[in-house]
Each structure stands twice: as structure tokens, then as C-alpha cells.
Amino acid sequence: MQALYAQLLVGLINGSFYALLSLGLAVIFGMLNIINFAHGALYMMGAFCAYFLLHLTGLGYWPALIIAPIVVGIFGMILERTMLQWLTGLDHLYGLLLTFGIALIVQGVFQNYFGSSGLPYAIPDELKGGMNLGFMFLPIYRGWVVVFSLIVCIATWYLIEKTRLGANLRAATENPTLVRAFGINVPRMITLTYGLGVGLAALAGVLSAPINQVRPLMGADLIIVVFAVVVIGGMGSIMGSIITGFALGVIEGLTKYFYPEASNTVVFVLMVLVLLVKPTGLTGRAA
Amino acid sequence: MKQQISALLFGTALALCVTAAMAQDKNVKIGVLTDNSGLYSDLGGAGSTLAAQMAIEDSGLAAKGWKIDLISADHQNKPDIATTIARQWIDVEKVDILMDVLNSGVGLAINNLVKEKNAVMINTGAATSDLTNAQCSPNTVHWVYDTYMLANSTGQALVKAGGDTWYFLTADYAFGHALERDTTAVVVKSGGKVIGTVKHPLNSSDFSSFLLQAQASKAKIVGMANAGGDTTNTIKQASEFGIVAGGQKLAGLLLFITDVHSLGLKVAQGLTFTETFYWDLNDGTRAFSKRFSERMKNKAQPSMVQAGVYSGLIHYFKTLEAMGGNVHDGIKVVDKMKSLPTDDALFGKGSIRVDGRKIHPAYLFEVKKPEESKGPWDYYKLIGTTPGDQAFRPLSESACPLVKK
Amino acid sequence: MSALTDDTLPASPRAVRDEMVVFVVMAALLLIVPWTGIYPFFVMQALCFALLACAFNLLIGYGGLLSFGHAMFLGTAGYLTAHALKVWGLSPELGILFGTLGAAALGVITGYVSIRRQGIYFSMITLALSQLLFFVYLQTPFTHGEDGIQGIPQGYLFGVFNLAKPITLYYVVLAGFLGGFLIIYRTINSPFGEVLKAIRENEPRAISLGYKTDQYKLVAFILSGTLAGFAGSLKVFVAQNASLTDVHWTMSGEVVLMTLVGGLGTVFGPVVGAFVIIAMQQYLAGFGQWVTVIQGVIFVTCVLTFRRGVIGEIAHYFRRSL
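Line by line, the protein sequences give chains A, B and C. Here the first sequence stands for residues 1 to 287, where the numbers follow the numbering used here. Here the second sequence stands for residues 1001 to 1405, where the numbers follow the numbering used here. Here the third sequence stands for residues 2001 to 2322, where the numbers follow the numbering used here.
Check before you lean on any hint, since a few could be wrong.
Unchecked claim - From chain A, some residues computed to sit far from chain C (all C-beta separations above 10 Å):
| no. | residue |
| --- | --- |
| 1 | Leu8 |
| 2 | Ile74 |
| 3 | Ile78 |
| 4 | Leu97 |
| 5 | Trp144 |
| 6 | Val147 |
| 7 | Lys162 |
| 8 | Arg164 |
| 9 | Ala167 |
| 10 | Gly183 |
| 11 | Leu254 |
| 12 | Tyr257 |
What the hints assert, rightly or not - Taking lysine to aspartate or glutamate and the EDC-like style, the derived pairs with C-alpha atoms no more than 20 Å apart in a straight line are:
| no. | chain 1 | residue 1 | chain 2 | residue 2 |
| --- | --- | --- | --- | --- |
| 13 | C | Lys2165 | B | Glu1116 |
| 14 | C | Lys2197 | A | Asp91 |
| 15 | B | Lys1266 | A | Asp125 |
| 16 | B | Lys1349 | B | Asp1329 |
| 17 | B | Lys1199 | A | Glu261 |
| 18 | C | Lys2165 | B | Asp1091 |
| 19 | A | Lys278 | C | Asp2214 |
| 20 | C | Lys2086 | B | Glu1116 |
| 21 | B | Lys1266 | A | Glu126 |
| 22 | B | Lys1369 | A | Asp125 |
| 23 | B | Lys1115 | B | Asp1329 |
It should be emphasised that the hints constitute simulated quantities derived from the structure, not laboratory data. Remember, predicted model here, so these are calculated numbers, not experimental data. Heads up, the beta-carbon is just placed ideally off N, CA and C, and yes, glycines get one too.
Extracted from the complex, chain A is given alone in its bound form (with noise of 0.2 Å):
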């Protein structure tokens, strides 16, 4: 029974990262329509951000928190301008091939210049260590993790769906020539959205870059997990791809434990199965 406890608390961490990604995924998707297949690269990029800012400028991992997703967030403004804003009143499905070509290519310079076995990035002082709490020991670095993503996750629920700015940014998604017609500058709202989403991805790298190998192709794999929770999750709601992220971190949690063999699996099974019984997926309306 302890163990039990022990990987709910493990699937926990690994639930903020989806619920992280899957965030940034729903917040773009609400705006530009389009599924950011560069998010996982993104993800990287913050991660390989944090590494820089330690050895180029001996910044630490808590300017790295705030520095890193700005620093990532304009690059991702920089392609929305230049490339995605040309996609406007073309098919999604553009959206979706011209970001795999981005993704490809930040992955592929990034394993060129520091190959593939990834670089080293240490716990903050702060956070080593950990406690034991009865059932587990729990490293803190960890418990920082799923306390700092679900704050960040509220706050971003916050954002949109209760202040005036988010106010104005879901009725842009309603109906962007009436949101026009009132003064506020639709592009613009745009492109902050995307540079929101993005951040929150780079924010995910740099939360994970202690704990994993700060490596180009991290975040290639987590990518496709990460689009079967929002298929589960349905993108239609904020709340609703925050808390599918983190029930299905505790739901692989749980599968490690009691037939890790399926622990890679179970969440693309379990995609199968809502897609069966509720094709629009958990939370969201129909398409």
C-alpha cells in the first residue's frame, strides 16, 4: 500500500508536464487554430535555454525559470509572425505540416552542434535533497515540480478565462472581424497567444531539465503522449486539458506499478477507449 502511494505521488510529477504541454497546446489551439507540432521541440529549446544561461552568463535555474520561456516565447512570436501568419484562411492541416518541418529542423541543429547524448544540468541548491515521508522518500525537487506547474496551470486558467484579457481573447477565437470591429488589435492578440503557449512549453523544459538529460530529441517522443491527452482531453476547455494532463500522469503512474510492461501504452489505450465512447473526448464540444 505504501508503494501505492508512493507512485500516485510519481505520476503526479510526471502528470504536471503533461498537464504543462497539454496547457500550451489548448491555449494555441483556442487562438490560431492550428496543433503546434513544435511544442515538443520548444519544450527542448527552453530546457537547452536553461543550460545556457547557467554557462554562457552563470544565470541559475531561477532567472532560468523567467528568462527561458520570454527567451523562447519571442523566438516563438518571431515564427508566428514569419511563417504561421502566412497560413491564415488555409487549411489547419498546414498549420500542423509546416510545424512538424520547424520542429524537425530546431531538433536537427540542435543535435548537430551538441550531439545527442545530451548535456548535464544540476538540482538548484535550494531544492536537493529530499524528504522522507514515511511511505517514500520524495526528492523536493520533485514536490517543487507539481506545486509550481499546478500554480502556473491556475494562473493560466485565471488568465483567460477571468480576466478582461482573456475576456477579449476568447471572443477574438468566437469572432475575430467582430473583435476587430471593437478596436483591439486581433494579429497582435495572435501572436501573444502563441508566444503564451510556447512559453509554457519552455517553462516545462526548464522544469525538467534537472531531473532529465537535457537532450534534442526529449521532447520528440513526449510530444505524441502528450497529443493523445488532448485527444482524451478534448481542447476544448483550459480546466479541462489541465486536469486530463495530470489524472493521466497519475493513471500511468498507477500502470507502472501494477503492469509496468503497459506503462508506455496505457495512455494511447486509454485514447482508444474515450475515442469509443466519446468521440469528442472528455471535456470537449463537438467539433
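Put chains B and C on the given structure of chain A with help from the hints.
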């Protein structure tokens, strides 16, 4: 009688002519087929091509009238791309020998092709011990290491040092299963006990739940029967969960110096695993590695795969020289290679067995603590040596058809 | 919303005639390849991928469904054929049949799941399903994990044709490719194909006209998967191995790229695209490191400036259907 003698003379003359014609053929073409862009590019990649280049220069054959060409390509870790490239190399470019060929899937595919085309492969990168076991070939030499040797050397040495209870973290596919099976056999034979195992999916980013189980098992040794990114992530997260600090020892069953380099000593310290080459072993390896790293783009020291390319080619050149020319006949060349003892600065004296297995000692290393390291790439402490004749799978257990029992 | 394919072209008898002319030229060119000094193994491999891309194109170009998981059919059929030939010792024709039927069965199951959503969701679902299969194949013993199934005997097709001879193998692969190509061509010009196009253009309208659109999409998906599987079975004879590469998502991405380069929804585009991409992989192999980056750049360039693809642009320029 007279007729007979003249026929004999004629025959001898003809034979002499043929030998002379063959001896005149001093063209050799070498193809380095490796991963230039993917997961293993640090291990082989451009460094393997450089090692081959250095072997050509050091052989001194050019001065003796030989013409040696070197080409290389990226097999992108895809067996069918690799076979198409290699097939074209052999058919069109007249490549005689394929070097490196890391990645087990690619290595086995090329193994078949080289046999079909009667060319030569010196494989220095693939881990699978099948290359010299069930799938052995008269055209292939497996140079540096294989899974059986790694499991054997690491398992044996650690049990001897008191690590008699093991818990395995195993990548859940054929490769991981094989490593675990081979290591378990050795551990049990040496008097140790395996008290548990957990299988994890390939390319996991999160090992915490598996590490928790390993920790709870209280085994003295946590054996990692996985490779590449999975191993480095396991090590990194093990240090986070305090596995090594809690008194358990991590044993890597397939780990390279490039992995240690990318992990950093802080995380990797205390790891124990087997390699057959380390740049700082002796004067010979140091001299070679110094020249090598000066010519590498990122000043890296050679990995054992790259060192194997150099060492393998040196022996290949020696064989060709002994044969007086290039006969362009893979089986003949490999047979001759097997009959000659190997000797070079990197792997020392050794031999090639009838199944194609290159025999040399295996070294058990422990990764230094950061404060023990005197500079970049100073990573290992040598803690044990398994002699060549005990390190590899004995011929008596071999399933290779070339081995006559 | 503009569709993925160029529909400014009229479907007319002239279009069909044009296409037949091009088909004959293509077949003639391919027939003389062994006498041109072009390396036949390269062409064989490209032909297998060309058939795969054509099968993929049937879904995207005529059904509007972008599958990001077509590698699963290629790989499944490849594994099944390889296993049948090597372990069970079946003859080549039975091996191909077994692999292709396996892909068809997979098409039924995955199709049933994935056509429940459209557009981007469909792409993500197919991607996730193929990743699921990737892990399954990684773990099941018969695929031999990373080692793959190696040294597959080529055997005698119908007991007569020795497939170990490159020239025989070439014509067998060519016949397979042309056969598959004609099936696809026939399908898109049939009433069934017309309904598919109608669904792609406006699904609600097609439904209101009384078409059970889901059934049409499912049949198209199964057909596409089956033909992709057929390509995978043929490829086993060329490569003589079956490996995880063929079920990995990067392979699915390459298929998309091939079709995009050649021209989505054009009849001959996927063939041209496959040859371009395979040639690139082979000839860039010597340059090493930049293959993925170049592929990415081609993706981006195609989407931004060259959406009709090579054949699509030519067709558009001459206002012909190709």
C-alpha cells in the same frame, strides 16, 4: 614424362603470373558506415571516420605504393538505408571493407549483406553478441565488445567485490532482456542472487517509479540493463533519489565514456561498468588519444568504438600486406586475419577467434569523484581486468556454425 | 477555408487521357531502368515508397484525411511478411498476401477508431495509434526488438521467378507498384472516389444527400492501409529485413513529406515525391549530419510557398490534370 614436366612448369608459371597480377592490385577502398546525426553520433560518427583516416596514415602503406580510399556515410540508424548504401558501395564503388556499423539492427543487416557479397565487415559498434553467435559469418569480425562480454565482466567482478544481491532495471525489449538474462546467469554462477527486476519501457523520460522499487528492494547492486538515453536518465534520477548515497551501487551494463562525459562526474561518480578501451590506460593509448583529440572538432577523446575502427584497420592492413596485395575476396581476407595475431597500441596483443570474435581484455572501471579528476575527460579508475580468454562467450557455448565441435 | 488540393482543374475526358499518357510514359521509363545503369536497388526502394505515398495520398488527396500514422501499415505488413517467409518458410506470394491481409485487418481496427474525428484530431489519433503499435512491436518477441528480422530468404515467386536475382526482383517490384497504382487510380475515378471528394469538400452536405460518410471514409482508410501494407510487404524483398524504423513516427512523417513535395491530391505527385526524398536520403548520406534539417526545411518551404508540390505546380501551369 617430359610432357608432364612441361605442364608442371607451365602451371607454375601461370600461377606465378596470377600471383604477380594479384600482387599488383594495391587498391583498397574503405567505407565507414556510421551514425552521423542520431543517438550514437558521439560514439562513432565523425570520430570513426577520423580514426580510419589515422589508421591509413599510420599504416604507412601509401609509401609502399598502395592506394587507399576512404568514404563514409550516415546510416541514420535505419537498416534499410544502411543496406542500400552498403550494397551500392560494394557493387558500384567497389568498397572492400565496412567499418564501424554501430547499432545492432544495422549491424546484423550489414552482416547478411557482406556475406552475400563476400566483402568484409569489422564491426566495432554494434552491441549484439549474435554477430559472433547464431548469426556469425565468415566475412565479419566483431571487434570491440558485445553484450555477453559486458554482462560477464561486470557481473562477475561486482559479485566478487561483495555485490551479491542484484536488482535489475531492464529496458523492455529483446536487447534489455538479453542483457538481463546474461548478467543473471553470471551473477548466479558467481554466487550472487537476483532479488528482483522491473521492466521499463524504452525511451522513458521518467524512471522514478522504477527507482523507488529498486530502492525498496535493498539490493546491493542496481543493474541497468538498458542503453543510451535510458541509462543516462536512470543515472541522473538515481542520484536525485539518493540511490548511491543510500549505499546501493549502480552498475551500467552498456555505458560509454561519451555517456559519462554528458552526465558529468557529479552525477556519474561511483558508477561501475566495463569497457575495453580507455584513453588513459597506458602510454600507447595516451599517445594515440592525444593525436586523435587534437584533430576532433570538439577535442573529444576517442570512444572505444572509434578506437576499434583504428585498431581493426591496422590489423586489416597488416593482413593485406602479408597477403601481398588485395585479393578482393572477403572470406580469404578474414581467414587470414584470423590466422594472424593482432597487436596494436590501443587494444594490446590479441587474436581473432574462428567465430569472428576479437579477443582482448575487458576492463572494469569506476567513475571518479569530481575531486579526484585532474581535468577534462579524466573520468575512470581501473578496478579490475578480465583476461581476454575469460571475458567473452566461450566457444563451447557457441551456436555459431563456423565453430566445429 | 481553402482545401489542401488544387481543384481549379476540371475533371474531364481530357484529364483522363492526359493521365493515361503520363502513366504510359512513367511505366516505359521504369521498364528500361535496368538498362540505364541507374542503380536498381535505389529504384526498387523508391518504388515501394512511391506506392506507400500513393496509398497515403488516396486518403489526404481524395478523402481530406491527413494520416500521421501510415508507417504502421508499412511496418506491420513488413513484419508479418518477414516472419512468414523466414520462420514459417511460406512462399513469397503467400508471404505478401499474409502481410497485406494483416495490414487490411489493422486498417479495419484503426480506421474504426480514427475516423470518429476529423481534421487535426484525425492526424493526432493516427499518430498516437502508430506510436502504440511501435511500442507493441518493440516488446513482442517475434519482431526481435531493435535487431529486427534479418536475412529474409527471397525465394521463388510462384515457384518460378527467382527473387534473389536483382533484375527479376526489379520487375516483380515494378509490377507490384504499377498494379497498386492502377487500383488507386481506378478508385479515385470511380463513383466511390467522387463521393469521397464530395465528403472532403463538404461533409454535412454529403450527409444531407444521404451518404453514410463514415462508411465511405472507413472503406477509403482500409483500402489505403491495405495498399500501404502491400508496399511494406514488397519492401521486405528489397531490403531483406524488417525493422522498427518502418513503424516509427519519423517514417510516417517522411510519407507525408513525399506526398507534399510531389503534390497532395495529384495522381503522380506522390511518385515523384518519393523518388526525390529517397534520392535525397541516399545521396545526402555522405554529407551526414543535415538530413533531418533539410527535410524540415523542405516541409516549411513547401507549406509556405509551394503548396501544390512539384506535379501540382506543373499541372496548374499547364492547366492539365496530372
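| said: Could you work out which of the previously given hints the structure breaks and list their numbers from low to high? | reply: Those not satisfied are hints 4 and 16.
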